[in-house]
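Work the whole structure out from these sequences, hints included.
Quick note: the sequence shown, position 68, residue 68 per full-length UniProt numbering, numbers continuous.
A few of these clues could be false.
Stated by the list, open to error - Computed cross-link-like contacts, DSS-like style, restricted to lysine-lysine with a CA-CA straight-line distance of at most 25 Å:
hint	residue 1	residue 2
1	K272	K126
2	K132	K94
3	K160	K136
4	K94	K157
5	K32	K4
6	K126	K157
7	K210	K221
8	K183	K224
Treat the hints as calculated values from the structure; they're not laboratory data.
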Amino acid sequence: MKLKVYADRMSQPSRAILIFYKVNGIDFEDVKVDLSQHHQLSPQFRVINPLMKVPAVVDGRFKLFESTGRGKTFDMRNDRERTTGCGGGSGSGKDKIDSLSRLLTRILRHMASELNLNMRSDGYVKVNDLLKLNLKTFANIPLRSHTIDHIREAVRKDNKQRFSLLEENGELLIRANQGHTVKVVETESLLKPILSAKEFPVCLHGTYRKNLESILGSGLKRMKRLHVHFSCGLPTDGEVISGMRQDVNVLIFLDVRKALEESIKLYISDNKVILTEGFDGVVPPKYFERIESWPSRQPISF
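Okay, structure coming up:
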């Protein structure tokens, strides 16, 4: 089987591995995965890489893919996971919590329905129900072997504050704060409405040059998610922890006042991501206040 590299050229790790293979004369097939279109979330790509990340390298015997802090290799002949990089073996305690956090993100945003997990309209599920699932984290540790304290630690240490915990009637519940594709979640139950442009004077969406023509033609689309995502500050703002990829090269600023006046509903998540369903999942270009290149911040006409 010819070596396949699943990559997005706008991703720095993808570019690095593509350059490495080309410089060293390694024959491979370049399979494009468009992160901006959320191709990595598709069921087809999850089969290739359950971490839903690029780059991913597959040669028929092994899969090798990028993950936070270390590489992971899967022996496809017996579905055995091996860990490479710092620590080796089964990984450190930090790796264990990081892997748990990634699995929680995946379950709470995308998998509740297929796992028959009882999720409320505000996105909360019982932690005890989660810990009964017959799944393994990306550190190859059974989810059932984790404790409520591990869940609390994963939430506390998540630098993007992707989760919220709630204690109710003696039961601990958890939810993802945003990024859902599961339809059971209702916007009004999950998020707080934004009522005035004064609340968030900066509202921007980060994207890539290659997507701009399409966006200007048909607007910003939520794709498979429930909402279009915006950030309440620039990528370099210390208080901005989520809502935008770090390698974007175009910033689209939303005219919040005009959007609210013309009945686009805007919401803020617990981790300060601005979200909207737009009109049927689309924010038309007429609501773009300005567009700039990043990080040079040169205006882009539209």
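Hint check:
no.: 1; hint: K272 with K126; verdict: holds, 24 Å
no.: 2; hint: K132 with K94; verdict: holds, 22 Å
no.: 3; hint: K160 with K136; verdict: holds, 23 Å
no.: 4; hint: K94 with K157; verdict: holds, 10 Å
no.: 5; hint: K32 with K4; verdict: holds, 10 Å
no.: 6; hint: K126 with K157; verdict: holds, 20 Å
no.: 7; hint: K210 with K221; verdict: holds, 15 Å
no.: 8; hint: K183 with K224; verdict: holds, 10 Å
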